[in-house]
Amino acid sequence: MSDNVEKYIKRETKESISNKISEKFVDAGLEKIRACINCGTCTGGCPSGRRTAYRTRVAIRKALTGDESVLRDIDIWLCSTCYYCYERCPRNIPVTDMIIKLRNIAVEEGFILDAHFGLADKIFYETGHGVPANGEGNKKWRDLRESYDLPPLPPTVHSYPEAVEECKTLMKEVGFRDLMDNAKELKEERAKEQEKEEEKADE
Amino acid sequence: MVKEETFAFFLGCIMPNRYPQIEKATKFVMERLGYKILEMEKAACCPAPGVFRSFNKADWMVHAARNIAIAEKMDADILTVCNGCFGTLQEVNKRIKEDETLRLKVNEKLKLLGDYKVNGTITVRHIAEVLGYDIGPWGIEDKIIRKINARVAVHYGCHFLKPTKIREIDSSEKPTIIEEFIEALGVKSIPFKEQLTCCGAGGGVKAYDGNASMTIFSEKMVNIDEVKPDFILDICPFCHLQFETGQDYLNQNQSCNYDYPVIHLSQLTAYCMGMDQEFIGLQYQKMGRDFLFGEKSTEEGV
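Just so you know, the sequences run in chain order A and B. Under the working numbering, the first residue of the first sequence is numbered 1, with each subsequent residue one higher. Under the working numbering, the first residue of the second sequence is numbered 1, with each subsequent residue one higher.
In case anyone wonders, no lab produced these hints; they're calculated from the structure. A few of these clues could be false.
Residues of chain B clear of chain A, computed beta-carbon distances all greater than 12 Å [as the list claims (entries may be wrong)]:
no., residue
1, 11
2, 23
3, 173
4, 184
Label-pair ranges, simulated between beta-carbon atoms [unchecked claim]:
no., chain 1, residue 1, chain 2, residue 2, range
5, B, 6, A, 92, 50 to 60 Å
6, B, 188, A, 189, 34 to 44 Å
7, A, 6, B, 191, 33 to 43 Å
8, B, 222, A, 69, 48 to 58 Å
9, A, 161, B, 117, 19 to 29 Å
10, A, 74, B, 188, 35 to 45 Å
11, A, 92, B, 98, 15 to 25 Å
12, A, 10, B, 191, 18 to 28 Å
When the alpha-carbon atoms are kept at most 30 Å apart in a straight line, the in silico BS3-like pairs for lysine-lysine are as follows [unchecked claim]:
no., chain 1, residue 1, chain 2, residue 2
13, A, 139, B, 42
14, B, 57, A, 24
15, B, 109, A, 184
16, B, 27, A, 139
17, A, 20, B, 42
18, A, 62, B, 286
19, A, 24, B, 42
20, A, 62, B, 165
21, B, 109, A, 140
22, A, 32, B, 27
23, B, 42, A, 140
24, A, 122, B, 165
Even glycine gets a Cβ: it sits at the ideal position worked out from N, Cα and C.
Please model the entire structure based on the sequences and the hints provided.
Written out as structure tokens, the structure reads:
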């Protein structure tokens with residue numbers, strides 16, 4: 001073949017593959033991601049991917065090649081964790097766990113969605129429940145409980161303020177609180193930078 | 001030793017705080033079957049496997065372990081009626097039992113709260129598994145006072161069966177546990193297209209992108225509507241919520257006209273065991289408020 005083939009055939013090549021993401025997978029005991037052959041069985045059975053732009057195999061491929069855009073991409077948040085990909089993977093890769101890991105890394109880097117942040121920050125942190133029944137707006141649910149001869153608030157953290165404090169302590173101790181605060185900070189910084197850039201562009 | 005015929009009832013969030021009728025029905029069923037049901041005081045959110053596990057898996061495990069520790073103190077296996085709670089607690093409990101290093105790590109954190117520790121002494125059970133396998137269609141027969149003659153769309157949800165390697169309950173592609181159990185109640189499951197796919201609520205999708213969640217759900221409803229069941233039978237309050245609010249949403253936004261009652265396995269079993277229709281609580285739900293078991297379906301004495 002001629003030596004100057006590059007002159008005629010232009011190919012986009014990636015200089016090198018970054019291991020940054022896949023190393024985090026290995027650290028978490030998820031080295032199996034490297035067994036992925038990108039066959040697409042995961043995508044084929046995905047009920048979310050059928051209706052949205054989310055493609056499981058693309059996310060896994062990007063994670064493997066170190067393409068960090070996958071962390072910014074909202075697509076990974078469209079997985080409903082139904083486990084079809086996990087069940088059907090011919091290479092026996094726990095695919096859903098991989099997507100969860102990608103989300104964990106994304107949150108570490110501040111890519112957390114507002115709806116999820118609110119749920120963690122306001123609801124889960126303050127009440128210990130993901131779907132609470134306390135507060136003004138939830139009176140109808142307490143009334144409904146009473147009509148069933150059940151206490152207005154269940155005997156969970158809802159009935160024990162000290163247990164809510166326990167959960168808060170745990171959230172601080174395991175680093176969950178810091179993780180949330182850090183994600184928020186990174187997110188705000190990023191928003192500011194973007195604003196500046198937009199201003200520049202306007203000028 | 002774990003107490004026999006006794007369960008620590010893990011309430012979770014959606015059931016006690018949105019569908020107390022399921023809570024009441026579950027207690028009714030289990031107590032009539034001879035089980036002792038204990039309240040898990042101070043239990044918190046499981047935490048939800050979709051949203052909270054997505055932030056940090058290790059933190060999620062520690063919070064789940066706190067709930068497991070409460071049940072261990074009571075020397076009782078955990079009973080849950082929710083796929084999400086089951087998904088979280090069953091998986092974390094299994095890991096804690098099998099992995100000593102993890103158990104030590106988790107206990108290190110729990111120690112900070114005082115009297116909390118996990119030893120891996122209990123099992124986490126889902127009510128569908130207890131009814132389907134422990135009691136079984138063979139055992140429920142002489143416990144019920146009436147059968148109802150209905151054709152229903154059974155929705156298994158995802159986290160009850162999957163991942164099969166961890167759950168070890170039934171096949172994820174062709175399960176029969178619920179079908180066989182409800183047959184003893186006179187109820188026939190009618191298969192429909194894509195029966196086992198997700199309702200679209202899980203994984204934080206409903207919280208983040210209601211639209212995406214509804215597109216997945218609308219396809220589910222089209223498939224259900226094709227077979228015109230008497231009602232939709234689920235085993236998870238989050239799927240329950242999705243079927244309820246989802247039908248309402250499609251009616252209002254996509255000119256659909258759905259009104260399928262949504263009934264949890266606990267509610268159905270409670271009715272067959274003698275709980276009054278009024279207590280089943282459909283009048284408090286969004287869909288199928290006027291549905292009467294006796295009316296649309298012919299009641300048979302047993």
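> Straight-line Cα separation of residue 122/A and residue 165/B no greater than 30 Å?
Replying inline: Measuring from Cα to Cα gives roughly 35 Å; hence the hint is violated.
>> So if I understand the rule, the pair passes when the alpha-carbon distance is 30 Å or less; does residue 42/B with residue 140/A pass?
In response: Distance ~23 Å between residue 42/B and residue 140/A Cα, so the pair holds.
> Okay, residue 161/A versus residue 117/B on CB: inside 19 to 29 Å?
Replying inline: This hint holds: roughly 23 Å between Cβ atoms.
>> The output says residue 184/B does not contact chain A. Does that hold with a beta carbon cutoff of 12 Å?
In response: About 27 Å separates residue 184/B from the closest Cβ of chain A, which puts it past 12 Å; holds.
>> For residue 173/B, is the shortest CB-to-CB distance to chain A above 12 Å, so the non-interface label stands?
In response: The claim is violated: residue 173/B sits with its nearest Cβ about 8 Å from chain A, within 12 Å.
>> For residue 62/A and residue 165/B, compute the direct alpha-carbon distance and say whether it is at most 30 Å.
In response: Since the Cα atoms of residue 62/A and residue 165/B sit roughly 27 Å apart, the hinted pair holds (cutoff 30 Å).
>> Looking only at beta-carbon atoms, does the pair residue 6/A, residue 191/B fall within the given range of 33 to 43 Å?
In response: About 58 Å separates the Cβ atoms of residue 6/A and residue 191/B, which means 33 to 43 Å is violated.
> Honestly, do residue 74/A and residue 188/B meet the 35 to 45 Å range at C-beta?
Replying inline: holds, 42 Å
>> According to the definition I'm using, a residue is off the interface if its beta carbon is farther than 12 Å from all beta carbons of the partner; does residue 11/B meet that for chain A?
In response: Residue 11/B is in fact no farther than 12 Å from some Cβ atom of chain A, at 5 Å.
>> If I claimed the Cβ atoms of residue 188/B and residue 189/A lie 34 to 44 Å apart, would that claim hold in this structure?
In response: With a Cβ separation near 58 Å, residue 188/B and residue 189/A fall outside 34 to 44 Å, so the hint is violated.
> Can the restraint linking residue 62/A and residue 286/B be considered satisfied, given a maximum Cα separation of 30 Å?
Replying inline: This hinted pair is violated, its Cα atoms lying about 43 Å apart.
> Is the hinted pair residue 139/A and residue 42/B satisfied, with a Cα-Cα distance of at most 30 Å?
Replying inline: holds, 21 Å
Against the hints set out earlier in the document, violations occur for numbers 1, 2, 3, 5, 6, 7, 8, 12, 17, 18, 19, 21, 22, 24.
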